[in-house]
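**Q** Sequence order for the protein chains is A and B. The first sequence begins at 1 in this note's numbering and counts up one residue at a time. The second sequence begins at 1001 in this note's numbering and counts up one residue at a time.
Derived by calculation from the structure, the hints in this document are not laboratory data. Note that beta-carbon positions come from the ideal geometry of N, C-alpha and C, so glycine has one too. Heads up, a few of these hints could be off.
What the hints assert, rightly or not - Example chain B residues on the side facing chain A (calculated, C-beta under 7 angstroms, incomplete):
id: 1; residue: S1014
id: 2; residue: V1015
id: 3; residue: A1046
id: 4; residue: L1047
id: 5; residue: G1048
id: 6; residue: L1049
id: 7; residue: P1077
id: 8; residue: N1089
id: 9; residue: Q1090
id: 10; residue: Q1097
id: 11; residue: E1101
id: 12; residue: T1110
id: 13; residue: G1128
id: 14; residue: M1132
id: 15; residue: R1134
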Amino acid sequence: MPKKIENVGCPYCGVCCDDLVVTVSDDGKKILEVENACAIGNQIFHHATGSERVTRPRLRQPDGTYKEISYDEAIDYAARVLYNAKKPLIYGFGSTNCEGMAAAAKVAEKAGAVLDNCASICHGSSFLAIFDNGYPSCTLGETKNRADVVVYWGANPAHAHPRHMSRYSIFPRGFFTGKGQKSRKIIVVDPRHTDTAQVADIYLQVKQGHDYELFNAFRTALRGHEIPEEVAGIKREKILEVAEIMKKARFGTIFYGMGLCHSDGRNHNVDIAISLTRDLNDYTKWTIMAMRGHYNIAGPGVVWSWQYGFPYCLDLTKDVAHMNPGETSSIDLAMRDEVDAFFNVATDAAAHFPIEAVKHLRKHPWITIDPNICMASEISDLHIPVGIVGVEVPGIVYRMDNVPIQYRKVIDPPEGVISDEELFERIYKRLCELEAEEAAKGKAKTTPVGVHAEE
Amino acid sequence: MANKITLNMITQRSVEEGVAMEKGKTTPEYFEACSIIEMHDDDVKALGLVPNQLVRVTSECGSVVVKVVKGRQGLYPGLAFMPQGVWANQIVPPRTQATGEPQYSGFPVTVEPANGERRKSALELVQGAVGMWRGDQ
Ligand code: SF4
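Construct all of the structure, not just a fragment, from the sequences and the given hints.
**A** Structure follows, in structure tokens:
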């Protein structure tokens, strides 16, 4: 009898849907059906048992082809790369569990590496703004139960977080929002008339790259001052109308995304959005939330803050951790050629970094740790496959509002394939051994008998 | 009819890109979902193009051949869109304004008809860029 497993978490986007129902075959090896997931979530589960999975580490040969090696050999290779590098970069972690992130941090600390996650090229701007200005936020349940005004600013959940609107922000009937969509006003701000804009009550087609001016106009209008006839492509009357709606809200949430983080101004677009949220709290209750991308990209921020005090761009090359994103971010380090080994973990830097940065990083050893074949695995020296979190490996993940969720395992990983956590624990152990071997050798060389007595 | 126009490029997600990426970055689905550009009708006309023709898109740091498609999500004239991924990142400027974040959205590109050129696969683009492309074997 096929088995139905309930309350399964989806390992794709920051909505972290935990209401999936997955049907697995008799032998527990094949995923037959996935209920409640969106098209993307569906694909992840069905892809997991596809025939194209890599089940053994693969090492690049002199002729350019890959040869399968054992996990022990792969772990030794990875440890030696770290051991020999002066400043290795360990990057990724959007798509693994917190247990894997903690184990990787241990390795990074031991290796004296730079440790960074995908926030670096995603909501890192948000962190910078939050450091400056705070984060008046809430959980998604509060938006669901209370929000009568919802703003999506530079975010397109219809494409990037497909069930966000139906689970939390627009359609659900919450405790104080019993009429669902009818109890809420939806405002979308985006230069494109996106599919999200289709469901909005009010759509503001802001000129790309001019969000800062528009935020400024809102703040000025809210304080009762004059604003120009048109700002960032939006007419004064429209700005005043929306400002009034915001002021009269009972509870509002601004969800924002890459439209702010990736455009000119980066963190300043976010910090003025936070300032607007704070201003609005003089009149009523407003909150703001970053539309975090991967299902556990909030995880490294939480785990590493707890371990080192910094969420990303951690320079662990010295005795104390240091963070300064313009200096210690993956892209900036790559472009200045400041790292000499690259670990791509649970991400695909070769597809998602600007190609110039990839070219710089590829001058040095490149190791990919990922369940799947991706662009990073195809330009690596070594590709180590691992189990898929949420499908084959259980663990803790942090939703976009930093609520931790326990993900389940629905099937076994392919025979012999290990988890990120186990892999990093074993690399750590191997690093310690290499260090001990070197120390034993070093001692014999530098302190011959009798030297101490003469000092 | 111009033979080259300058547009403001944004690179963002699409649900097709998300589904295709989970299917695999070497699949035909990923190729079709990501090796495209969406432009406003006026800009397509200004170039004398019709949908489904190939264009060469060039930024301050690179160049890539992609297909013009009519997007469902409306742009204003002068604004262009490419789904995030391998093709977009051939032209995304790596400058970060000292924040760590590349200029993924809001950078100038020129678009011109790609005469006789073809779209390259994801593997050919990425492996080609780092000197590892060994041809279609
Ligand atoms: S909305 Fe996100 S978390 Fe939910 S099923 Fe879709 S991809 Fe998965």
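**Q** Check the structure against each numbered hint from earlier and tell me which ones fail, lowest number first.
**A** 3, 4, 5, 6, 7, 12 and 13
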